[in-house]
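Asker: Listed here are the chains, written in short residue letters.
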Amino acid sequence: MSLLDFARGPALQIAIGIFCFGVAWRLASLIFMPHTRDLTPARAGALPGPAAAVREVFRRMWPEMHPTGGNLFTTVNGYVFHIGLAIIVFGFAPHILFIRSLFGVGWPNLPTPMIYLVAGITIASLLAALGKRMSSPVLRLLSTADDYISWLLTILPLLTGFAATSHLIEPYPDILAIHIISVAAFLAWFPFGKLMHAFIVFVSRGTTGAHLNHRGAQL
Amino acid sequence: MSEAQTAPPAKDAKDLNDAEFAAATNKFLALIGADIAAYAEACVRCGQCAEACHFHEASGDPKHTPAYKLVPIAKAHRRAHSPLGWLGLAPQVSRDDLAHWEELIFDTCTMCGRCTIVCPMAIDVSSMVAATRQAFAAAGLGPADLRAAADNSRDRGSPLGVTAEVLRDRIEWLSDDNDVPIPLDKEKADVLLTISSIEMMKYPQSVVAMAKLMNAAGANWTFSSEGYESTNFGFLSGRPDIAKTMVERMAKAAEKVGAKILVIPECGHAFGVMRWSGANILGRTLPFAVLHITEYLAQLKREGKLKFNPYDAKVTYHDPCQISRRGGATQDARDLLDGFATNFREMTPAGNLNWCCGGGGGVQAMARAADLRHKVFQIKMDQVAKSGADVMVSSCANCRLTMDESAGHWHWDKKLESLIEVLADHVIEQGTTP
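Heads up: the sequence lines are chains L and G, in that order. To convert a position in the first sequence, counted from 1, into the numbering used here, add 18. To convert a position in the second sequence, counted from 1, into the numbering used here, add 10.
Wrong hints could be hidden among the right ones.
Unchecked claim - Quick look at which bits of chain G chain L covers, simulated, 3 or more residues with Cβ under 8 Å:
#1 36-48
#2 69-79
#3 124-131
#4 277-290
#5 329-340
Derived by calculation from the structure, the hints in this document are not laboratory data. If you're wondering where the values come from, they're calculated on a predicted model, not measured in any experiment. Virtual Cβ for every residue (Gly too), placed ideally from N, Cα, C.
Full structure from sequences and hints, please.
Answerer: Following this line, the structure appears as structure tokens:
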């Protein structure tokens, strides 16, 4: 079995299995924890809880330009690498082919030069995020090993994918295999670290949205 | 007047015996339900909350970052509910952790909720800190003066020693001195009014002002010597048994007089606890509405039952966090000021985004936090200066006391007033002409 066969086969299959099981387990463990029932009457005009939860999930996707605080660099940079990652994962032709092979659905791809540009910006953005994390006293205090592992496992697929598609490193099958293995590592780590926030964000935003809407608080 | 209990010596977390330490760790586990678990797992450690927190902004100390205050409860959650924890590989909350975080959990969080606005994951840090305080308190930890305030509330009826007897004496005195009828222990009334002992002991004219406004509106109201104290230091100190006692007293008094409305005076946390947790603490729905005094008076004004002569001072309004940002009653104070305060101006930011006074969440009661509170007040002084106001009014006696003390510390040249007192000074009483 070649390295590429291993990457495309057992490595990716096991990683996807860990990803699916891990995500399901973590979400289920949250959903099945005890919930408290709120006996206080809602403020007049409050939305039903589920509607308020959904509203809060989407409302917070839009940047708020209010003077509440928060760091402008972190806010802007966060949008840049999240959107960049989404464009690369869902807009690059080989990725769409892979998704079609798994789920049978696909969509038109973005031009490859555009993907290169976005990948460059996203890599720069992730490097800037690391720089900020290592230089800010607040972020240094808050950071754990999870932050650095998650960062590394996010940037590695970008770097290896960039190297593979631009043929910066040869032979191509080997660098492609390394790219796929880096994706497998990302997927396998996903449920166990902060990357899981991609799913938990719906729970935490929804919970707060429902609670504060019940009070009539306008966030 | 009876003397309030003095504070017992503070306990050092490092000296906890095994039973006390176990009480803290067990309490963490008992409190971690779906909401807290989601919040504990959600933090991406982006640090956005730092610049939204008045304590961090005032001190510049990274330890004051709200997300850092989540660490003990998140650690307890991981230990109990993650595979690494099951294998014994996730670290356990230690005595050193409790010692390190005690000041951060009690002294440097007013549970104002400003960090939640800016958090991309919408983590409700306030509820996490409230739960963490309960775990600390289960081991007997927490500032001695905060614990004493809770003990006083349970044993003497109020944190500042306002027993039922003191209440009767002071109401009689205030009523006589000001020639304002103040009903106490009426058999039946539509509205039960409560006090914050800060008002009764430090700002007694606020009690007179409330009575004057209630009388002017023609409300059928009373105080009750069986349930009068609205502040809840049981909640603030993390002691749910005392929190329940305080809520129960008010609920029983309201039920006894057949009140349709229980009115919380100018106190943000008192409103937050009774309105948004009272029924949950008792485990039953309440047969009366709970309104903050600004909500109730705004309602009376909208109904045309209260009218005011104009107030011409250059005035701004400080939003108490638990009434506005976390209470949903931001607009009511403004409805009261509308058409009354002719020279009103907002601070920036105001309303739901307002900066906290620095003394909410029981922090006002902690003597050791005074220096930090004074630093926080510099934010407010700057806001007021930029607004051009000469007077800042608020609808929370705790905010007022916090800011009064800091104003004295900095020799601030502006005036601090109670919204209710200003309204009472300008109310048009029945039989008088504007």
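Asker: Now tell me if each hint is right for this structure.
Answerer: Now the hints, each set against the structure:
1. 36-48: holds (count 6)
2. 69-79: holds (count 5)
3. 124-131: Check passed, 6 qualifying residues.
4. 277-290: The restraint on the segment 277-290 of chain G holds, since 6 of its residues have a Cβ under 8 Å from chain L and three suffice.
5. 329-340: It holds: at least three residues are needed, and the segment 329-340 of chain G offers 6 whose Cβ sits within less than 8 Å of chain L.
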